[in-house]
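Q: Going line by line, the protein sequences match chains D and X. With my numbering as the guide, the letters of the first sequence map in order to residues 1 to 669. With my numbering as the guide, the letters of the second sequence map in order to residues 1 to 757.
Please keep in mind that the hints were generated in silico from the structure rather than gathered at the bench. Heads up, some of the hints might be wrong.
What the hints assert, rightly or not - List time: in silico EDC-like cross-link candidates among lysine to aspartate or glutamate, alpha-carbon distance up to 20 angstroms:
| hint | chain 1 | residue 1 | chain 2 | residue 2 |
| --- | --- | --- | --- | --- |
| 1 | X | K468 | D | E649 |
| 2 | X | K467 | D | E634 |
| 3 | X | K467 | D | E309 |
| 4 | X | K535 | X | E397 |
| 5 | D | K612 | D | D347 |
| 6 | X | K331 | X | D520 |
| 7 | D | K131 | X | E93 |
| 8 | X | K356 | D | D246 |
| 9 | X | K468 | D | E634 |
| 10 | D | K605 | D | E26 |
| 11 | X | K216 | X | E117 |
| 12 | D | K111 | X | E89 |
| 13 | D | K480 | D | E469 |
| 14 | X | K11 | D | E26 |
| 15 | X | K320 | X | D523 |
| 16 | X | K190 | D | E256 |
| 17 | X | K356 | D | E649 |
| 18 | X | K178 | X | E144 |
| 19 | D | K96 | X | D138 |
| 20 | X | K356 | D | E641 |
| 21 | D | K590 | D | D347 |
| 22 | D | K430 | D | E508 |
| 23 | D | K255 | D | E597 |
| 24 | X | K350 | D | D246 |
| 25 | X | K28 | X | E12 |
| 26 | D | K111 | X | E93 |
| 27 | X | K178 | D | E195 |
What follows is the residue order along each chain.
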Amino acid sequence: MSNIVFSTWRDEFIDNRGKPLEEWSETEFKLPETYHGDKSSKAFIGWDGVAIFTEDIDAVELASQYAAQYQQYSEACGRCAPGRWGGRILYDLLDKIARGEGTHDDVAHLKEVSQTMMATSKCEIGKTVPKPILDLMEHYKAQFDRCIDAQVPSKHYGGDTSYIAKVTAPCTDMCPAHVDIPAYIEGVRDMIFTESLQATRQTMPLAHTCGRVCPHPCEDACRRANLDEPISIMELKRIGADYETDHQVPWLHPKEPKPPRNDGKKVAIIGAGPAGLTAAYYLALEGIHVHIFEELPVNGGEVAVGVPEYRMPIDKYNKDIEFVLQMPTVSITNNHRVDADRLKEIDAEYDATLLAFGTRLSKKVYAENENPKMGGYWGAIAMLDKVNLWSKYGIGSPASNELKDKTVVCVGGGFTSMDVVRCSVREGAKKVIMLYRRDEGTIIRNTTYEEYHEAVEEGVEFIFYSAIEEIIDDGEKITKLKCNRFELVPDPNGGRAQLVKMEDGDFELECDYLIPAVSQAADLQLIPEEWNIELTSWNTLLTNGKDYMTSRPGLFAAGDCEYGPMTIVNAVGQARRAASVISRYIYDGKCTLTDDEIMEDHLNKLKVYDKKEKITGWMPGLPRAVSEKLGVDERKDNNREVNLGFTGEEAIAEAERCMRCYYISMVAV
Amino acid sequence: MSRHNSLGLGKEITVTINGKECKSTFGKTILEIARENGIYIPTMCYLTKTQPIGSCRMCLVNVEGVDGAILSCQEKATDGAVVMTQTPELYRERQNIMKLYNVNHPLECGVCDQSGECDLQNKTLEFDVGDQPFTARDQHRPVENWGHVSYDPALCIMCEKCVRVSTEITGDEALQLKFGGYSSSIVNVKKEKNYASLGEAAAVCPVGALVDTNFKYRTNAWELTKIPSSCSHCGGGCQMSYEVKRDTIYRVSNHAEFSTLCGAGRYGFDYANEGVSKDKEAFKSAVNAVANAQSILFAPQISNEEALILQKIKEKQGTKLICHEARAYQKFMRAYGSITGKNLFSGTLKKISESKGVIVFGTRINNDAPNVKYHINMASKWHRARVAYLHPIRDEEMKNIVTQFMHYAPGSEEAVAAQLVLALSGEAETMPQNITSVLETLDPETLAAQSGISSEEIGLLQNALSKKQGFSLVVGSDLYAHPRAENIAKLLALLERYAGFNVVCVPPAGNAMGVSLICDLDDEIEGMSVGYNVKGDFTLSALGEGDLDMPAMNQQEGTLVSNDKRLVPMHVAKSYGGYILNDIANAIGIEAEYTIEYTTALPQLQGFKQEAFDDLPDYFDISGREHRGYLLDEVNIALDQTIEAVESTKNMGPVVYHCNPVEQFSPLTAKCEAITGEAQLVGSAAFAKETGLDDGQRVLYEIDGVTFSRVFKIDTSMSGNIALNPSYDMGLSAALLSSYRFKSVDFSSTKNEEAGS
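In isolation and in its complexed conformation, chain D is listed as follows (with noise of 0.2 angstroms):
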């Protein structure tokens, strides 16, 4: 049972002021009625509107307070002639009213101005702000007029109620990492490229790699979207880190980083991926010690030694990686596999370690007569290992030695999948065949479109609604795969469509080698097992998702070990959480989150993107930028960076296409 007093959330009107309870109306939103623990929320205020929670609402007090929030919150903003002076009017006029000084002239004042803040403001926050101070003044009337006309301070004028806001866009809120998407986009439309990456790297430390082979799923809640096409959000995100190399600049911090602390407290992290990686920045920052394990003679987890060289470049990649083992409180041992009894010294040893060692066991594809030892049978991360061990650091020898004129069936359909069969292509395989047990819609889903046309031009094969049953092998190695192949047929009670086998579909496919690139798991062979670990039904590490802290206290998991094979940008997003959450367990040992933290998680539930809103005020039609592309012929045969990047115009009519969609909002509390 909801406690909604007034709600005017996203068009929702609900009023159950006066109503008694059993016929008070519930909200279909996940609106912050408690905002911690056991503290509960007084209202909600944002860019769609205000939501009541207690009777005893001070909505004067309310109403102004949001729009000092906005005034305070205006680094964010103050760019546009509307919001910069619109926004201390709303403030000083309301606050006057809650002084008990304002005048109903105020009030004609007030709506005019938001008016003109609504119709002209260049980003949504000033268009915005006005909204639910404005439903309000409608709706709260009385307490206004009060004020007004008693010249009374608001009923609870100065009080102790506390106001918690938060400055947020759709394509932020989506972005596991957080990323301030408009604030490096701006960066760009501005032309200073350093800006945008400092915004980019207040939460993302890989610039280069998330400007690069991110799947950006900002994109999916890209207002621009509801309009014509999203913004190109990642490749954006590039301009600035290639502005740092480009011009040797000296790094760039979102922040000046906090000197050394050097007070005996230091964190451990096992793994030097992109969530051991961030982690160690973000403490680093804060002039925490931070001592990295890693099993590899080479950093950058899987994102170094799993994605091939022609999608993220290693020169580009070892400068997001030298941009974090440069910071003073940061060190690192290679080649130091850490087991159950090395994790137990470091527990003791750390006042709190990390486990960022992701996801780096193949798993099977679970057909009959599968022998991962048979020769031919290849997992896809040992494969990746050895083709980017040899073409980045020119450790072990080529996989062509292996592939050459050979016949390679990847069983797959993620990002692994299409890496392995790309690097076939350029490690000289005959044939290079992509088996997926679905279609061409999904892959282009759990990929990209442009991996898969990519990989498509290059020459592979893609068979679809297909999986292995059976593989044939003459004693030593495979020399045949027999498959099935599915249909999918509609639930005809409308449920999801089943994939069926076909009847007479089976056929055989001769290779030399077979790839599985199904999924990953973690090896959690370094958990004690005395630790009695709680894991998820995935076998990953269990944490409650906010603070990332496992079933032992001090001990933390971050990125694919907690989550499962993901993203490298929800690695980021979790690990500097996770960062954020260890800088202060080394103090007290508890576990907290800011307010910040507390309200990203809030608007993360309620959800900002909405994809039925009606996209005002922009000129439709204007067409997304794409990035020049190698041709098929220039870059199958080698490693050579296929996307070549916006060109200046791109970039730029890429960013002016940008809406700036941050909204703020506040909590009562």
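Model the placement of chain X on the given structure of chain D, informed by the hints.
A: Frame of chain D; chain X shown alone:
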């Protein structure tokens, strides 16, 4: 090869604005198309020469079928769009924005420098805002003095134009926004540099927030007469106006909406040869000296018309004409033209600004030609251009623009030119056999060893430019007086002719390009000489130290040739009471009533047109197209496509580099008060060690017969075995310098002298 064009730019479109059908191309904004078609849309923050800013929101328009108001300065017009720019609702919103702009804006227009030319004033009246209905608590925000310019945050409307100019155009990147809503302001993050280029930021300020410190409170804007002219300092010929009252120049302004003026152009205006009357005796001696002169030496700070008078004197009496810098440029361009078949380089500044890759070679461009540097900066900002800067000395001022610094040994320019040709001329199958056979003899490693630019660096440069189109090559006056200048010219010309480079050969300061096209110049001084702004046996001087006074550039009318190959007019800003060169010419029988009669007589064979001075246009149209004077015609010349092998060079040891500080170009700029400073020999620590000079020591040395006496200063940011030696303060001796800009100088006499004294 089809060009990657994901934006679909350039497609023909038709849009209807206020009922008028307008043809245009996709990529243009609604506002641009409206302006091209003479349709007015009000703006406060729009600046034609930068990317749209979008802070004022005044330019909102309605588009049929689209909800809400559309920002016309930024939004590209789509085919078939029907636009309305004037509705009662739009008027009300624009009026409200003006009311907001007036919140707490001080109303003491009477003491504001901008009054009379203030956009806020104008639009407040236009939108009939008679009072200040909205109020907010005022803030105390004191004025800041930043040197050349001062900033008053209380007057600032945060339109961001100044920041855009500082970022996109001049590239000093000194100005930034300090976000903070109502208390937002502009900050100068490089105050200590006191960039004179911030004058341009002040020029675009629509209100009185950013103003020239020296001009402040001196007069009302409306009392000044604007005299349009062109700047003669660096050879850029940039548009400018002298603003004059009672024969005093108060300031220089420019059409900052469309063009840009550097600090020297803006602040180097106050020198004129004043208080001169007609000294008949001196004039008689001058006529006599010119009539009997075997040589006339002159500085390149001269108009085309006067250069033509000198040429006519030569033609009449066989006098040798000596102008060292122009002569070097002339020979360089002739050699260059033997490969390209044109009398001048084909590149333009606009194309530099549109480049995706720029190579700067043989010039300290930020000092030598600020307007060219601005265009390189535009390419960097608008097109993310790769910029390779090839020079023996790193220039920290270019750091934010340059993506690759490549240092070569002084003297090795020919090897560097050959390296560039080998790396970048591609597979030019059309190149004549005799040239390719010479190129084939060149060994990249030998060249690399000579120049000090490694093959790896060249490889990086090649990679940076791969898969890109639109390259520019900017070369400068380090090369023109090089002993191997002609072969260097020919090598570089291959890049224009066979690799499609947009090449600009930046002329030396002054009107060197004009002189090189007009005068038949000689190499050596012979016999009795007359110097014009140079020390001669008889000296005509605008600097006030000669045998007969001459007018300064701001006291003459005439034309210049800009480094963008445009003939541009100059007008008289300040009166002059003495004799001029034309008087002397008349006295020896070369007759014309006014100097500007020679404008029509400028040599058509060199691309000049027969247009009279008084008919020369001097404006920019509403879309920013330049209509000043005219562009020189392209002139075909005979091809002689031969090149020579590269000669080996030897290490020059410690060298001084002839280079003026930023904003200084000649003895004329040296006399301008707002930009003065003490000229010093500034060298690296390595140079000090090698030469044995101490920081702060005064040294005497000689270059081309000119004796310098300077205090030596160590600059720890410099590397290499090099010192910078300015010449702008050398008065009538400056134009005597004729040699290659890098010079080995013997400082031993100095040391002996010091020891002996």
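Q: Look at each hint and say if it fits the structure.
A: Hints, one by one, checked against the model:
no.: 1; hint: X:K468 with D:E649; in the structure: 13 angstroms, holds
no.: 2; hint: X:K467 with D:E634; in the structure: 11 angstroms, holds
no.: 3; hint: X:K467 with D:E309; in the structure: 18 angstroms, holds
no.: 4; hint: X:K535 with X:E397; in the structure: 34 angstroms, violated
no.: 5; hint: D:K612 with D:D347; in the structure: 49 angstroms, violated
no.: 6; hint: X:K331 with X:D520; in the structure: 11 angstroms, holds
no.: 7; hint: D:K131 with X:E93; in the structure: 17 angstroms, holds
no.: 8; hint: X:K356 with D:D246; in the structure: 14 angstroms, holds
no.: 9; hint: X:K468 with D:E634; in the structure: 14 angstroms, holds
no.: 10; hint: D:K605 with D:E26; in the structure: 17 angstroms, holds
no.: 11; hint: X:K216 with X:E117; in the structure: 14 angstroms, holds
no.: 12; hint: D:K111 with X:E89; in the structure: 15 angstroms, holds
no.: 13; hint: D:K480 with D:E469; in the structure: 11 angstroms, holds
no.: 14; hint: X:K11 with D:E26; in the structure: 53 angstroms, violated
no.: 15; hint: X:K320 with X:D523; in the structure: 9 angstroms, holds
no.: 16; hint: X:K190 with D:E256; in the structure: 19 angstroms, holds
no.: 17; hint: X:K356 with D:E649; in the structure: 10 angstroms, holds
no.: 18; hint: X:K178 with X:E144; in the structure: 15 angstroms, holds
no.: 19; hint: D:K96 with X:D138; in the structure: 15 angstroms, holds
no.: 20; hint: X:K356 with D:E641; in the structure: 19 angstroms, holds
no.: 21; hint: D:K590 with D:D347; in the structure: 17 angstroms, holds
no.: 22; hint: D:K430 with D:E508; in the structure: 18 angstroms, holds
no.: 23; hint: D:K255 with D:E597; in the structure: 18 angstroms, holds
no.: 24; hint: X:K350 with D:D246; in the structure: 24 angstroms, violated
no.: 25; hint: X:K28 with X:E12; in the structure: 11 angstroms, holds
no.: 26; hint: D:K111 with X:E93; in the structure: 13 angstroms, holds
no.: 27; hint: X:K178 with D:E195; in the structure: 12 angstroms, holds
In this structure, the hints that do not hold are numbers 4, 5, 14, 24, in rising order.
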